[in-house]
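S.K.: Model the full assembly from the supplied sequences, consistent with the hints where possible.
The primary structure of each chain is shown beneath.
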Amino acid sequence: MLSLLILVPLAGLLLLNLPFTPAMKRTAWAFAFTVALAQVAMVLVAPAAAWSQQGFLAQYFSFGLEAKDLTRVLLLAIGIVMATTLMVGRSMITDDRQQFNFVNLLLVSIIGMNGVVLVTDLFSLYVFLEVTSVSSFILIAFNRDLGGLEGAFKYLILSAVATVLMLTGVALLMLVAGGTSFETVAAAMKTSGGITISQMAVGAFVCGLFIKGGLVPFHGWLPDAYSSAPAPVSILLAGIVTKVSGIYALVRLATSVFPASGAMNEVLMVVGAASIIVGALAALGQHDLKRMLAYSSISQMGYIVLGLGCGTPLGIVGAVFHLFNHAIFKTLLFVNSAAIEQRTGTTDMNRMGGLGSRMPVTGVTSTIAALSTAGVPPLAGFWSKLIIVIALWQAHDYGFAGIAVLMSVVTLAYLLLMQRRIFFGKTSPEHAGVREAAAGVVVPELVLAALTVAVGLLFPWVLNTFMLPVGGIFH
Amino acid sequence: MNESILLIPVLLPLIAGLAVLAIRGPVRLAREVVTLVVMLANLGLAIYLFGQDLTFVHPWAGVWGGIAMEMALRVYQFSGFILLAVAGFSLLVALYSWKFMADRSYGNQYYGYMLISVAMVNGAVMADHLVVLLFFWEGLLLTLMGMIAIGTKDAWKTAIKAFIIVGVTDVCLMMGIALTGWLAHTLRMSEIAAHPLSLAGLGSVAMIFMTIGAISKAGSMPFHSWIPDAAIDAPLPFMAFLPASLEKLLGIYLLGRITLNLFALTTESWVSTLLMIIGAVTILLAVAMALVQKDYKRLLSYHAISQVGYMILGIGTALPVGIIGGLFHMINHAMYKSCLFLSGGAVEKQAGTTDLARLGGLASKMPITFTCFIVAAAAISGVPPFNGFFSKELVYDGALERHWIFYAAALLGSFLTAASFLKLGHAAYLGKRDPANEGVKEAPMAMLLPMIVIAAGCVLFGVYNPLPLHYLIQPILGEHRLEGHDFAGLPANWMLVAATVLVLAAALVNHLVGVKRSGSGLGAADHIHHAPVLSTIYDWAARRFFDPYDIGMAIVRGLSLFLWGIDRFIDWIYDSFIVTLTTGLGWTVRLAHTGNYSLYIVWSLVGAAAIIAFLMRIL
Chain D
17 MLSLLILVPL
27 AGLLLLNLPF
37 TPAMKRTAWA
47 FAFTVALAQV
57 AMVLVAPAAA
67 WSQQGFLAQY
77 FSFGLEAKDL
87 TRVLLLAIGI
97 VMATTLMVGR
107 SMITDDRQQF
117 NFVNLLLVSI
127 IGMNGVVLVT
137 DLFSLYVFLE
147 VTSVSSFILI
157 AFNRDLGGLE
167 GAFKYLILSA
177 VATVLMLTGV
187 ALLMLVAGGT
197 SFETVAAAMK
207 TSGGITISQM
217 AVGAFVCGLF
227 IKGGLVPFHG
237 WLPDAYSSAP
247 APVSILLAGI
257 VTKVSGIYAL
267 VRLATSVFPA
277 SGAMNEVLMV
287 VGAASIIVGA
297 LAALGQHDLK
307 RMLAYSSISQ
317 MGYIVLGLGC
327 GTPLGIVGAV
337 FHLFNHAIFK
347 TLLFVNSAAI
357 EQRTGTTDMN
367 RMGGLGSRMP
377 VTGVTSTIAA
387 LSTAGVPPLA
397 GFWSKLIIVI
407 ALWQAHDYGF
417 AGIAVLMSVV
427 TLAYLLLMQR
437 RIFFGKTSPE
447 HAGVREAAAG
457 VVVPELVLAA
467 LTVAVGLLFP
477 WVLNTFMLPV
487 GGIFH
Chain V
339 MNESILLIPV
349 LLPLIAGLAV
359 LAIRGPVRLA
369 REVVTLVVML
379 ANLGLAIYLF
389 GQDLTFVHPW
399 AGVWGGIAME
409 MALRVYQFSG
419 FILLAVAGFS
429 LLVALYSWKF
439 MADRSYGNQY
449 YGYMLISVAM
459 VNGAVMADHL
469 VVLLFFWEGL
479 LLTLMGMIAI
489 GTKDAWKTAI
499 KAFIIVGVTD
509 VCLMMGIALT
519 GWLAHTLRMS
529 EIAAHPLSLA
539 GLGSVAMIFM
549 TIGAISKAGS
559 MPFHSWIPDA
569 AIDAPLPFMA
579 FLPASLEKLL
589 GIYLLGRITL
599 NLFALTTESW
609 VSTLLMIIGA
619 VTILLAVAMA
629 LVQKDYKRLL
639 SYHAISQVGY
649 MILGIGTALP
659 VGIIGGLFHM
669 INHAMYKSCL
679 FLSGGAVEKQ
689 AGTTDLARLG
699 GLASKMPITF
709 TCFIVAAAAI
719 SGVPPFNGFF
729 SKELVYDGAL
739 ERHWIFYAAA
749 LLGSFLTAAS
759 FLKLGHAAYL
769 GKRDPANEGV
779 KEAPMAMLLP
789 MIVIAAGCVL
799 FGVYNPLPLH
809 YLIQPILGEH
819 RLEGHDFAGL
829 PANWMLVAAT
839 VLVLAAALVN
849 HLVGVKRSGS
859 GLGAADHIHH
869 APVLSTIYDW
879 AARRFFDPYD
889 IGMAIVRGLS
899 LFLWGIDRFI
909 DWIYDSFIVT
919 LTTGLGWTVR
929 LAHTGNYSLY
939 IVWSLVGAAA
949 IIAFLMRIL
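Line by line, the protein sequences give chains D and V.
For any residue, its number in this note's numbering is found by taking its place in the first sequence, counting from 1, and adding 16.
For any residue, its number in this note's numbering is found by taking its place in the second sequence, counting from 1, and adding 338.
Calculated from the structure, these hints are not laboratory results.
Worth double-checking, as some hints may not be accurate.
[What the hints assert, rightly or not] Pair by pair, the computed Cβ-Cβ distance ranges are:
no. : chain 1 : residue 1 : chain 2 : residue 2 : range
1   : D       : R113      : V       : D913      : 49 to 59 angstroms
2   : V       : R895      : D       : G278      : 52 to 62 angstroms
3   : D       : P376      : V       : L901      : 42 to 52 angstroms
4   : D       : L53       : V       : D913      : 40 to 50 angstroms
5   : V       : I916      : D       : R436      : 16 to 26 angstroms
6   : D       : S272      : V       : I916      : 34 to 44 angstroms
7   : D       : N366      : V       : V894      : 45 to 55 angstroms
8   : D       : A470      : V       : I502      : 52 to 62 angstroms
9   : V       : L901      : D       : S272      : 51 to 61 angstroms
10  : D       : N366      : V       : S914      : 20 to 30 angstroms
11  : D       : L484      : V       : L901      : 43 to 53 angstroms
Keep in mind that this is a model prediction, so the values were computed, not measured.
Built from N, CA and C at the ideal position, the CB exists for glycine as well.
M.R.: The structure is reproduced here in structure tokens:
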């Protein structure tokens, strides 16, 4: 069953692009949307047996896939964000041909991301990371405008650096462990984890992941890429791509493959705290909406890594929970920005104001997402941040806990500033005729906002059903 | 005999008061009639209860730390006497108010508060449990504030002033009660009375705290400063009703209970001396202020303070003669002072003002009011044979036995009292009549009747003083304390009487000199007012430098200014400092993000190198 998550999009991709089926091209969007929803449905309702790697497919397609609890959380997030991106993309990309290309690239991206979360081999992991990245490069430059090309180029170059680092790491680990599967590497690390060369390998690989995840000081590409990409692509990038390719891989490797060491945890916490601080402070000064959200993403990513660096099961639960929550509310914020860009044609906050009365749904959902990001109870973001702070406190990292709390105040500050500049005050004459965004944008907004509220209100259930099993990664 | 009859003097006025509060609109006479009927019933009840000894006890809030909380009421000689006096004054003031308050708004509040006040005073007087006493005591504070607040437009300021002053002293009373209960292991007054607390150690602290509560209710200095303000702002019958009679009765009653029943006050105790000092100072300072007032009501209000000094002085002597004198003075003062206030009300009602400069020559227009005024003024000045003379002589006797200086202060107070009433009577009733007052007529019967009754009482209690002393005052102390003395009849010490008469004559001479100098009755005290040192002090007093309330408020204001500064500072940290710091940091971070791509790559490489080096333990 698991291989279907990769094979079905792949087969679809091939079929859609056969030259003799122009009719099928019209069904491309529907196919991709069905794939995304099916993935969500599978996570939520499929029986346990579906998550095993058996049947005749396994004989021919033996990638060694595995689905842990952590993986299922990510698969769910991928499905949700992908469906959102497809809806917004259908609403905003009007040209049929362009839309077909867009859907194709998204299918590539979903193959890549599903692969990343499912594989159990370092080299396969690297391959799927690159698949994801390649589709992202093209998507960022989708409109072939100067900004998009620049953003794509920056991402490409730093990704190349990441590639070098990761490949170096894989090569060195191969040298030490004699194989690249997670099991082999983990076993080898138990015996020879302390030696210098394996530390170097781990360090190199982790730095590659830091670049992919856009953490400080490896974040140079991220604001440009996010802000210059077309609106639907920004949603995809910010909502899920960087999370899967950077943060998820980090969580997976740090918890079950690389040896848990104090030095590693310290690196994670320092990088996390630096990301939180620099991201939040930089976001405070932005006047471009998407750029501000990009810095905010860096900052929130810092929380996840900080929780991870805590090293305790509770810290990991908090990190994964925040990863999921962030995927939801940051996607929502970018959908809001897409709605605003669609109607006003700009993302410059200095030229906005008073849009709240013109675009009520966007305004309200944006408020919910902003409050959730800042960690205001009882929304989802509050709980995950709370867990992270508690985990830090229990681990006696009081300084980092203090940073986490203080910076969430700054987070609230810049997000409220954003709310005020965009939605409150007088409407400028320039935007007098602005209407609420199209249904394709409004529906995802409502669904995502409802999710944020629901996860917050149903926190105990969500925690017990999905999150606490994740903490059992160690066992 | 069912003891629960003791609940009626509390419940009846209380329920009636709440009902009257609810009466609004055109049913005009209803509240007056209800009030009068209830007051009459209350008087009847008080007469019935007088002379009996009844105790009503009902368990109430369980037992706290070994001390039972009970709803305990008791009527015996002392409380029965006060009940009777309260009922009498209330009835007369209610009758007086019928006409005086006729055209005022807030009638329902006035009568409602009046009835509730009577309920509270009755409850406080009958209370045998100190917590019950405190409950009714505080209840009176509410109606006090309400009755002041319904006066003139700015009366609420005075109401708040009264509320704060009395509220603070009530807290003292509360602490005193707590200490007393802790020392005595009971809060029942009749149980404590069996073994009065000694004044050693904490006992004296407890007594001081309770005494503060008692004498502030009576209006003693330094808790007095709301009374002259209330005289101007509050409806006039209120002054006759609460500060002049009911509160004096209640405050001095409690002081009497404290000194007679709760604590073993002896002449050797420093608390006794302290009380005498407070009394003497109150007499002198308040009467000195009264002397220079140019307003009928305000002048009277300072006397209401000054006369309390005699009572505290008398009780503070801790001698039977002084205590009898103080208590006798209490009832006498309640009579002549309410009569004086009522005469002031009659003048205000008929002439439209109480400003002495605009009065004068009213004697022929309002002969009955004038006669009542003469009687009451003579009584307060201590002219024989009115009641004030006899009680003051007893206080003098006690004071002289302790130390001559207290006697001298009391005598000087008498001189100034007489001088100020000569001035008041001259300015208001004699002299030239203001043309505007040509049409003034005598006050209506409903207002005259209470004055006449009280003035007659002043004469009766003086001429036939064995009546009050034998039946009302002396039984309070009991035979064993009196040691066979009888203070009724003519004063025992003829030297003191001679001195009194001499002082009164001096006051008359002083008045004539003053009138001759200034040319009018109003200016009769100007030569004292404008004497070299005194004029400065009077000036300061007029500017409220000596008002403890204003001093306290100034301190509070300074403190709040200081705290406001701290608050501003904290606000500055949050609103300004942190914001500046954060935006400054944000600006720094933004400067670092130049968009120069090679820089970003360098960051990444340096970062990666540092991390790898750290993990390899090179760094």
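S.K.: The structure should be examined with respect to each hint, and the outcome stated for every one.
M.R.: Hints and how they fare:
1. D/R113 to V/D913: 49 to 59 angstroms: 55 angstroms, holds
2. V/R895 to D/G278: 52 to 62 angstroms: Check passed, 59 angstroms falls within 52 to 62 angstroms.
3. D/P376 to V/L901: 42 to 52 angstroms: 44 angstroms, holds
4. D/L53 to V/D913: 40 to 50 angstroms: 49 angstroms, holds
5. V/I916 to D/R436: 16 to 26 angstroms: Given a distance of about 19 angstroms, which is inside 16 to 26 angstroms, the answer is holds.
6. D/S272 to V/I916: 34 to 44 angstroms: 41 angstroms, holds
7. D/N366 to V/V894: 45 to 55 angstroms: Taking Cβ atoms as reference, D/N366 and V/V894 lie about 49 angstroms apart, which means the hint holds.
8. D/A470 to V/I502: 52 to 62 angstroms: 54 angstroms, holds
9. V/L901 to D/S272: 51 to 61 angstroms: Because 57 angstroms falls inside the window, the suggested range holds.
10. D/N366 to V/S914: 20 to 30 angstroms: Hint holds: Cβ distance 24 angstroms, inside 20 to 30 angstroms.
11. D/L484 to V/L901: 43 to 53 angstroms: 48 angstroms, holds
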